[in-house]
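Chemist: Each protein sequence line maps, in turn, to chains X and D. Numbering of the first sequence is given in my numbering, commencing with residue 1 and proceeding in unit increments. Numbering of the second sequence is given in my numbering, commencing with residue 339 and proceeding in unit increments.
Keep in mind the hints are simulated off the structure, nothing from the lab. No residue lacks a Cβ here, since even glycine has one placed at the ideal position from N, Cα and C. Hints should not be assumed to be uniformly reliable.
Said to hold, decoys possible - In silico DSBU-like pairs for lysine-lysine, Cα to Cα no more than 35 Å straight-line: (1) X:K126 x D:K800; (2) D:K805 x X:K294; (3) D:K800 x X:K44; (4) X:K222 x D:K499; (5) D:K538 x D:K372; (6) D:K499 x X:K240; (7) X:K9 x D:K849; (8) D:K566 x D:K737; (9) D:K372 x X:K165; (10) X:K307 x D:K805; (11) D:K737 x D:K849; (12) X:K294 x D:K813; (13) X:K240 x D:K796; (14) D:K789 x X:K240; (15) D:K805 x X:K8; (16) D:K813 x X:K9; (17) X:K44 x X:K81; (18) X:K165 x X:K240; (19) X:K243 x D:K789; (20) X:K142 x D:K396; (21) D:K640 x D:K566; (22) X:K142 x D:K789; (23) X:K307 x D:K458; (24) D:K861 x D:K631; (25) X:K222 x X:K240; (26) D:K391 x X:K307; (27) X:K307 x D:K813; (28) D:K499 x X:K223; (29) X:K8 x D:K849; (30) D:K796 x X:K44; (31) X:K142 x D:K457.
Unchecked claim - Residues from chain D that face chain X, not an exhaustive set, calculated with beta carbons under 8 Å: (32) I351; (33) G418; (34) K762.
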Amino acid sequence: MEFIRFTKKGIYCIPGKFYLDPWQPVDYAIISHGHADHARWGMKHYLCHDHSKPILQHRIGATIAVESMGYNVSKTVQGVKVSFHPAGHVIGAAQIRLEYKGRIVVFTGDYKTTPDGLNIPYEPVKCHTFITESTFGLPIYKWLPEATLQKHLHDWIATNQAQQKTSVFLGYSLGKAQRIMKLLEGVDAIYTHTAIHALNTIMAQAGVPLPETTLLSPDFDKKAVAGKLVILPPGLLGSKLLKRIPNAATALCSGWMQIRGNRRWKGVDAGFAVSDHADWNGLLTAVKASEAEKVYVTHGSQATFSKYLNGIGIPAAEVVTSYGDAALDGTPLTTDTV
Amino acid sequence: MKDFVSLINAIEITNKTTAKIEALIAYFDTASDKDKLWCIAIFTGKRPPRPVKSSWMKHWCAALVELPEWLFLECYSTVGDLGETLVLLLPEPTHQIDLSLSDWMTAIIDLKSKTEAEKKAFVMHAWSGLQLQERLIFNKLIGGSFRIGVSKKTLVNALAKRSGIDANQLMHSIIGHWDVHALTFEALLEGQHINYDNSKPYPFCLAYALEKPLLELGAPDAWQVEYKWDGIRGQIVKRHGEIYIWSRGEELVTQQFPELVKALTDFKDDFVIDGEILALKNNSVLLFNDLQKRLNRKHVSKQLLEAVPVGFYAYDILEYNAQDLRTMALEKRRGYLETLFASSTLSECLKIPPVLRFKTWEALHSIRDGARRLNAEGLMLKQKESSYHVGRKKGDWWKWKIAPLTIDAVMIYAQKGSGRRSSKYTDYTFAVKKDDGLVIIAKAYSGLTDKEISEVSKFVTKNAIEKFGPVRTVKPELVFEIAFEGIALSKRHKSGVALRFPRIKRWRRDKTVEDIDTIATVKRLIKAY
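Let the sequences and hints guide you as you build the complete structure.
Modeler: Next comes the structure, spelled out in C-alpha cells:
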C-alpha cells in the first residue's frame, strides 16, 4: 500500500525514512501534537508544528533536536513533501500530509472538526489514503453545540455558588484545561494547577491568547479560592490538594462522560462531555471530505468504525497502534483519553 | 418533569447517602402532592405495567436513525442500558413538552388501551419533545425497570428527616397498600391506611467478629453456641393476626416470602422473633446464591417458589403476647421460643436450629470446621446471660466464621458490568489447568477495588480476541486467587466440580499462568473437608 507501512515502531514513510508519532525510539519522528501518547521520548530528531515545539521541549526535554514549521507550509524530506494542516484538537495539533510521486497520504493524529474558539479550526485535506483516529467512533457520541455546552457549565457553577461551593473542573493540562478556561471565561476568577499554569505560560509565549487565570499555588489561600473556579489535571481526583479546596464540587470534563456509567464510576459530582476529539458525525464528515480511496482507522473504535465505513462503500481497514494510552498523560485509565 | 429529572441526576451522581437524602428532601420540599406520591410509588416499585415492549422501542429508534442492527447492538453493549442507548442515538429534540411527573404517569397509564400505532406515535412525539435527560427518565418510566441508586431505606430516611415521623412507621406506610389517586401525601406519611402498632419492629442485636482465643471467653457452659447461617437476618412480627417480615436493613420484605407468611398463620399467639431467612429444601440449607434468586422480587413465580423454597430458622424471641422479653436472659428467652414452637404444628419451613453441645473449647474447633458441610458460615457464640441489646455490644455475642477455601486461577473471559460498572469489564470467568489446556472453574464478579477493575479492564481492551459483542476472550495471563465457601462434584460443569459462592480474593500479580492450580489439586479439596 502506498509509500507508508505500519510497523512495530509506528507509522513509517518508506521513501522519507521517517516515522509519524512513533512509540519507540527512531531517528526521525514527525509529531502530530504534544500529547504524551503521540509525542514520546527518545527520538533523535523531531519535526512538529511551531506551537508544539515549546510543548515538546517542556515535556520531553529542553535539549531535544526539534525542528518546527507552520500550517500549510511544506518541507521536502528525502523526496517526500511534508506539510501540516490544522487538526483543531489542541494547540499546535496538525494533520500530517505526505505527498510522494503524486500520491497523497494524510495522517490525522487526533482531531476535532468543530471550532472551539481557541484553536485554529480543523481544515479538511483531500488525499488518496486517509489515516484517521476513532476515539469516539460510535454513533452514541454526539457532542453538544459549544454554546449549549457552555450554558451547562455555567448553570452548574451557578448552582454551586448558590450553595457556597467551589467549582472544580478536572481536565488534561494540555488542551482540555485551556478549553475549559475558554468556556468559563468571564464567569468568575479561574485558578489553575501548576502543571496547567506551566503550559499556559508556554502557550502565551507562543502568542496564543488565553483567558486570565491565577496559579493555584501549593499553599493557596482557602478563603480566596472559596466559591471560585479551579481547574486541575484529572490525576488529582481524590488528592490531598483537592480535599483542601473548600466545599468543592467536582466535574470531570471528557468525551467519555457522555455515558452515565462512566460518570457514576468516577465518583464525581458532575461529568461534562467536553471533548477535543471528533464525534461520530465529525469522523464521518472528515472521512468523506478527504475523498480518500482507502481509509485506515487507528485508536479507539477502529473495528466498529472501519466495519461501518466498509458497509457504506468506503474501503477501510483497522490498524493497531499505541495511541490512546492515557496512562502516558498522567492517569491510569484507558477511557480517560482526552 | 424537570424537577424529577434533577432529582434523579443528583441521586445518580453521588455515592453518598447523605447527599441522596438531601436531594430527596429538596424534591419533597417543592414538588406537587401528586408528583411526590408518584415519586414514592416509582421508588418503591409500585409502577403501572409497561404499555410498550422494549423491543418495539428498540426497533422504532433503529429505524428512525437508520443504523444497521449490529451497530445498534455495539452501542448498546458499550452503554450497557437500553433506555440510555436510545437517548444517545435519537436525533435532537424539535420541540419542548413540559409535563409534570404525574401528567406523564397518567398519560402512560392511558396508553395501555391504545393500539400499537397510537403507542408508537405517543413515544415518537415524546422523544422529539424531550431533552436528553428527560428522555432517559421517560424511557425508564414507560419501559424496563427503574433502577437507580435509592433503596427504600434511603427514601424512608429522607421522608423521616423531613417529617419527623418514625422511619419504621414510614417504611410500613409506603410498603403497604395505597393508591396514588386515593390519598394525599400527608395522609400517606401519617399512615392513615395502616396500623403501625401491628408491624413495629425492634432494633436488631448485633454480634462482633471473634478476635480473641476461645479460652479467654471463660467457662464453656456459660455460652450458647449455634451455627451461623448464611441467609438474610430477619425479624418476624405477628400481632393481631397480621404478619410482617423485616430485614436487617429495616425494609419490609413480607411480600417476598409468601410461604413464610402462610406457615406463620398457623400460630395462635402473637410474637416477635429474630432469625435467619434461608433457602431451605428437603430440610437442608441451600447456598446464599440460591437465596439471592428470591430477593427483591415484586412477584414470586410458582416455578421459583418450587425451585428455591424459603424457610426461617428462629433463634431468638423478643416479644411474646405483647410482653417485651428483651431484658430477659438469653437462656430464658430460648425457653419461650421452644415453648412457642412446640405449641404449633409446624410447617417444614419454620424451625428452631439446635443449640450445639460441646464440653471443651477444644471440641468447638472441629464443630466449626464441619459447618461448611451444612452451608453454614461458622458459629455464633452467645452468652447465656445476655439480654437482647440494641445494636452492637462487645462481649455478649460473637460470630466465629470459617476461613474460605482458595485456589489460583487465570482469567479467560471478561464481560462488562451493568449500571455504575457498565463502562468496565467487571465480570470474569476463570480457568485452572487440565492436561495441556485450561478448563473453566468459576465466574466471579466481586472482590476487586475500582482501581484494580480499571486496570484489568484496560488489559481486556488491549488483549481481547473478539472485537464485537459483549464477551471478550482474553489471553490467559492474569492470575487471581479465588475464594469460595464450598466445593462439590458436579456433572453439569465441564470441570466436574462446582464451587460455592466464588469471589476474587486478590489479584496475584506475582504469579503467572504457569503457577495456577490444576483441576486435580482442586478436586483434592473436596476430600479435604
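Chemist: Take the hints in turn and mark each one as holding or not.
Modeler: Taking the hints in turn, this is what the structure says about them:
Between the alpha carbons of K126 (chain X) and K800 (chain D) the distance comes to roughly 32 Å, so the proposed pair stays at or under 35 Å and holds. Simply put, K805 (chain D) and K294 (chain X) have alpha-carbon atoms about 21 Å apart, close enough for the 35 Å limit, and the pair holds. Taken as a hint, the K800 (chain D) and K44 (chain X) pair is honoured in the structure, with Cα atoms around 29 Å apart against an allowance of 35 Å. Restraint check: the Cα-Cα separation between K222 (chain X) and K499 (chain D) comes to about 32 Å, which is no more than 35 Å; the hinted pair holds.
With a C-alpha separation of about 28 Å, the suggested pair K538 (chain D) and K372 (chain D) falls inside the 35 Å cut-off, and the hint holds. Our distance criterion of 35 Å between C-alpha atoms is met by K499 (chain D) and K240 (chain X), whose separation comes to about 32 Å. A distance of roughly 29 Å separates the Cα atoms of K9 (chain X) and K849 (chain D); the hinted pair therefore holds under the 35 Å criterion. For the given pair, K566 (chain D) sits about 7 Å from K737 (chain D) by alpha-carbon distance, which is consistent with the 35 Å threshold.
Distance check on the hinted pair: K372 (chain D) and K165 (chain X) sit about 32 Å apart at the alpha-carbon level, within 35 Å; holds. Proximity of K307 (chain X) to K805 (chain D) is assessed by CA-CA distance (about 11 Å); at most 35 Å being required, the pair is judged to hold. Distance restraint check for K737 (chain D) and K849 (chain D): the Cα-Cα separation of roughly 34 Å lies within the 35 Å cut-off, and the hinted pair is therefore satisfied. A threshold of 35 Å between alpha carbons decides the hint, and for K294 (chain X) with K813 (chain D) the separation of about 31 Å falls inside it, so the pair holds.
The hinted pair formed by K240 (chain X) and K796 (chain D) meets the criterion: a straight-line CA distance of about 26 Å does not exceed 35 Å. About 18 Å separates the Cα atoms of K789 (chain D) and K240 (chain X), which keeps this hinted pair within 35 Å; it holds. With a C-alpha separation of about 21 Å, the suggested pairing of K805 (chain D) with K8 (chain X) holds against the 35 Å cut-off. Taking the CA atoms of K813 (chain D) and K9 (chain X), the gap is about 23 Å. The hint holds against a cut of 35 Å.
Between K44 (chain X) and K81 (chain X) the CA atoms are separated by roughly 20 Å; this keeps the pair inside 35 Å, and the hint holds. Restraint check for K165 (chain X) and K240 (chain X): satisfied, since their Cα atoms lie roughly 18 Å apart, inside the 35 Å limit. Only pairs whose Cα atoms come within 35 Å are accepted, and K243 (chain X) paired with K789 (chain D) is accepted, the gap being roughly 19 Å. The suggested pairing of K142 (chain X) with K396 (chain D) holds, with an alpha-carbon distance near 19 Å, which does not exceed 35 Å.
For a cut-off of 35 Å, the pair hint linking K640 (chain D) to K566 (chain D) stands: about 29 Å separates their Cα positions. Distance hint between K142 (chain X) and K789 (chain D) is fulfilled; the C-alpha atoms sit about 28 Å from each other, no more than 35 Å. At most 35 Å may separate the alpha-carbon atoms for a hinted pair to count; K307 (chain X) and K458 (chain D) meet this at roughly 31 Å. Of the pairs offered as hints, the one joining K861 (chain D) and K631 (chain D) holds, with about 27 Å between alpha carbons and a cut-off of 35 Å not exceeded.
As the CA atoms of K222 (chain X) and K240 (chain X) are separated by approximately 14 Å, the hinted pair is consistent with the 35 Å bound. For the given pair, K391 (chain D) sits about 30 Å from K307 (chain X) by alpha-carbon distance, which is consistent with the 35 Å threshold. Between the alpha carbons of K307 (chain X) and K813 (chain D) the distance comes to roughly 24 Å, so the proposed pair stays at or under 35 Å and holds. Annotation: proposed proximity of K499 (chain D) to K223 (chain X) holds, straight-line Cα distance about 32 Å (limit 35 Å).
Our distance criterion of 35 Å between C-alpha atoms is met by K8 (chain X) and K849 (chain D), whose separation comes to about 28 Å. Only pairs whose Cα atoms come within 35 Å are accepted, and K796 (chain D) paired with K44 (chain X) is accepted, the gap being roughly 31 Å. A C-alpha spacing of about 28 Å is found between K142 (chain X) and K457 (chain D), which places the hinted pair at or below 35 Å, so the restraint holds. Hint status for I351 (chain D): holds, given a least beta-carbon distance of 6 Å to chain X, under 8 Å.
Contact between G418 (chain D) and chain X, as hinted, is supported at the beta carbon level, the nearest pair being about 6 Å apart and thus within 8 Å. Here the hint on K762 (chain D) is kept, as its CB sits about 7 Å from the closest CB of chain X, short of 8 Å.
In summary, this structure violates none of the numbered hints.
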